[in-house]
Structure formats: structure tokens, C-alpha cells
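Peer 1: Fit chain B to the known structure of chain A by using the hints.
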Amino acid sequence: MANTQAMCTSFKGELLVGKHQFGSVTLTSRTSLTAPTTDTFKAALYVATATVNASTTAYSATNEVSGTGYTAGGTTVTNATAPSTSGTTAIWTPSASLAWTTVTLSTSFDCVLIYNSTQGNASVSVHTFGATTVTAGNFTLTMPANDASNALVRIA
Amino acid sequence: MGTTTPAATEEPHVYTARGHMPVAALQYSTDWKVSDTFIQFTETYAYQGQVVKQSVHVFDRTGVTGAGAAATF
Numbered sequence: 001m002a003n004t005q006a007m008c009t010s011f012k013g014e015l016l017v018g019k020h021q022f023g024s025v026t027l028t029s030r031t032s033l034t035a036p037t038t039d040t041f042k043a044a045l046y047v048a049t050a051t052v053n054a055s056t057t058a059y060s061a062t063n064e065v066s067g068t069g070y071t072a073g074g075t076t077v078t079n080a081t082a083p084s085t086s087g088t089t090a091i092w093t094p095s096a097s098l099a100w101t102t103v104t105l106s107t108s109f110d111c112v113l114i115y116n117s118t119q120g121n122a123s124v125s126v127h128t129f130g131a132t133t134v135t136a137g138n139f140t141l142t143m144p145a146n147d148a149s150n151a152l153v154r155i156a
Numbered sequence: 157m158g159t160t161t162p163a164a165t166e167e168p169h170v171y172t173a174r175g176h177m178p179v180a181a182l183q184y185s186t187d188w189k190v191s192d193t194f195i196q197f198t199e200t201y202a203y204q205g206q207v208v209k210q211s212v213h214v215f216d217r218t219g220v221t222g223a224g225a226a227a228t229f
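Protein chains in written order, with my numbering: chain A, 1 to 156; chain B, 157 to 229.
Only chain A is shown next, with the shape it has when bound in the complex (with noise of 0.2 Å):
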């Protein structure tokens, strides 16, 4: 059992139904036609002994990290850069760092999940870094630049 970065299958699929509304709205969103507002997505920390991976669907309370001042379903991501375009290659990054101030986890963890919790918690992407553990300290996640080579979500 392993955790392993990539991108969800099941969200490639959604991309081409219009159900992620990354950093701008547009009157196609289904949220409303008249009021369109943005996704919000959420990130969430996993065990080292999990299996998230790009089968992972959508997000699950199962093998989540749990500890003194991690909130279960993660933290909120910053979705204020709307997707754009570099050259032949779509990209996405969130507009600010995932962080975790003053947590306990003591139980290794090596991976992130980007989820959409408004649309029914549907995966985005998972995240690995080497396994560990935070004791009374905190766990920041910089983003990489937003670029076609390092966005976080890239459509080439």
C-alpha cells in the first residue's frame, strides 16, 4: 500500500462534463447561470500506509491524518488564480500555500489530496513528499511556480 502523485482519472473525465470551476466563474457555471461562483476545494493529508492514488475519487475521512489541531477534511486552498493557458499547456496553482499551524500528527503521512467539496467531494490530484510526522510544530505546503512545466494541475 502506497500513496502515488497523479492526477485523478475520474477527474479528467469531469473536466470534459464542465464540474470543476477552478479560480473564475463563467456563465456556464451550474451553480447558477445567473450568480456563478467558484469550487471550493480543500486539501487533505493522508497516512503513509494509505492508498491514494489516481484511482481515488473523491475524498474519504478513511487513512486521513488525525492529531491535535487538524481538523478532519483538510484545510481550504486558496482559489483565487483563475486557470490559464502557457504555450500548448493549460495550468491551475493555487494563489497561496496549504498550512497547518501548531498540529500533533504521529502518525507518518507522505501525501495531499486536492479535492472540490463542492462538487460532492470529487478529487482533483494527489501529492506525495517524504513521510513524517509534525509534533507541536506546523506543515506548510509551498506551491510550485504556475507555469506549463511545475503548475500543480497541468492539461498538456
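Hints in this document: simulated from the structure, not taken from any laboratory.
Where a beta carbon is used, it is the ideal one built from N, C-alpha and C, also for glycine.
One or more of the hints may lead you astray.
Here are the simulated DMTMM-like cross-link-like pairs (lysine to aspartate or glutamate), alpha carbons at most 25 Å apart as the crow flies [said to hold, decoys possible]:
no.: 1; chain 1: A; residue 1: K19; chain 2: A; residue 2: D39
no.: 2; chain 1: B; residue 1: K189; chain 2: A; residue 2: D147
no.: 3; chain 1: B; residue 1: K189; chain 2: A; residue 2: E64
Derived CB-CB ranges, DEER-like [said to hold, decoys possible]:
no.: 4; chain 1: A; residue 1: G87; chain 2: B; residue 2: R217; range: 15 to 25 Å
no.: 5; chain 1: A; residue 1: S108; chain 2: B; residue 2: T186; range: 15 to 25 Å
no.: 6; chain 1: B; residue 1: P168; chain 2: A; residue 2: T88; range: 48 to 58 Å
no.: 7; chain 1: A; residue 1: T68; chain 2: B; residue 2: V190; range: 27 to 37 Å
no.: 8; chain 1: B; residue 1: G175; chain 2: A; residue 2: L15; range: 46 to 56 Å
no.: 9; chain 1: A; residue 1: G87; chain 2: B; residue 2: E199; range: 30 to 40 Å
no.: 10; chain 1: A; residue 1: G73; chain 2: B; residue 2: T228; range: 36 to 46 Å
Peer 2: The following block gives chain B in isolation, referenced to the frame of chain A:
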């Protein structure tokens, strides 16, 4: 009116799993993990060999890619 400068005798403390402890009493260490997809920095404070504070900072160097493709007729 002005800022108050701590007296020289005041001892800096840091919040830990054991409450606020004097920094001078703790052993501080750092660790780096570097891969193609992330850079990870860990800073640890230990007291008598036991970790009492540990923070982790990850720089996600590159995200994920989905390849678009159009069929030909």
C-alpha cells in the same frame, strides 16, 4: 512611546509538546530531503533525546500532468 526591548536576562522560550520551554535547553536539528518533485525541510527540537517540537516545510517542485489528445478520423 516606543517598543519595549526585553531585558537581557529574559530567556527565549519556544512552544513545544511540553509547553513553553527555554530554547537553550533544547537540541535543534534540521534535515533536508530533495527529490525531482519536492524539497522538504524538517526542523526538530529535542529535549533529552525526545522530540518535543517538529515542523515540516515542503516545496512542491512540480505538480501533475494530464495529457489531452484528440482522435484522428
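Peer 1: Between K189 (chain B) and D147 (chain A), is the straight-line Cα distance small enough, at 25 Å or below?
Peer 2: Within the cut-off at roughly 24 Å; holds.
Peer 1: If you draw a straight line from the CA of K189 (chain B) to the CA of E64 (chain A), is it 25 Å or shorter?
Peer 2: Roughly 23 Å between the alpha carbons, so the hint for K189 (chain B) and E64 (chain A) holds.
Peer 1: Within 36 to 46 Å: is that where the Cβ-Cβ distance between G73 (chain A) and T228 (chain B) falls?
Peer 2: Since the Cβ atoms of G73 (chain A) and T228 (chain B) sit about 43 Å apart, the hinted range of 36 to 46 Å holds.
Peer 1: Take a look at whether the Cβ-Cβ distance between T68 (chain A) and V190 (chain B) falls inside 27 to 37 Å.
Peer 2: This hint holds: roughly 29 Å between Cβ atoms.
Peer 1: Does the Cβ distance between P168 (chain B) and T88 (chain A) fall inside 48 to 58 Å?
Peer 2: At roughly 53 Å between Cβ atoms, T88 (chain A) and P168 (chain B) fall inside 48 to 58 Å, so the hint holds.
Peer 1: Within 30 to 40 Å or not, the Cβ separation of G87 (chain A) and E199 (chain B)?
Peer 2: 38 Å, holds
Peer 1: Does the alpha-carbon distance linking K19 (chain A) and D39 (chain A) stay inside the 25 Å limit?
Peer 2: Answer holds: K19 (chain A) to D39 (chain A) is near 9 Å, not above 25 Å.
Peer 1: Evaluate the given range 15 to 25 Å for the C-beta pair formed by S108 (chain A) and T186 (chain B).
Peer 2: 19 Å, holds
Peer 1: For the pair G175 (chain B) and L15 (chain A), does the Cβ-Cβ distance stay inside 46 to 56 Å?
Peer 2: Holds, at about 49 Å.
Peer 1: Would you say the C-beta atoms of G87 (chain A) and R217 (chain B) sit inside 15 to 25 Å of each other?
Peer 2: Roughly 19 Å apart at Cβ, these two residues keep to the hinted range, so it holds.
Taken one by one, the earlier hints all hold for this structure without exception.
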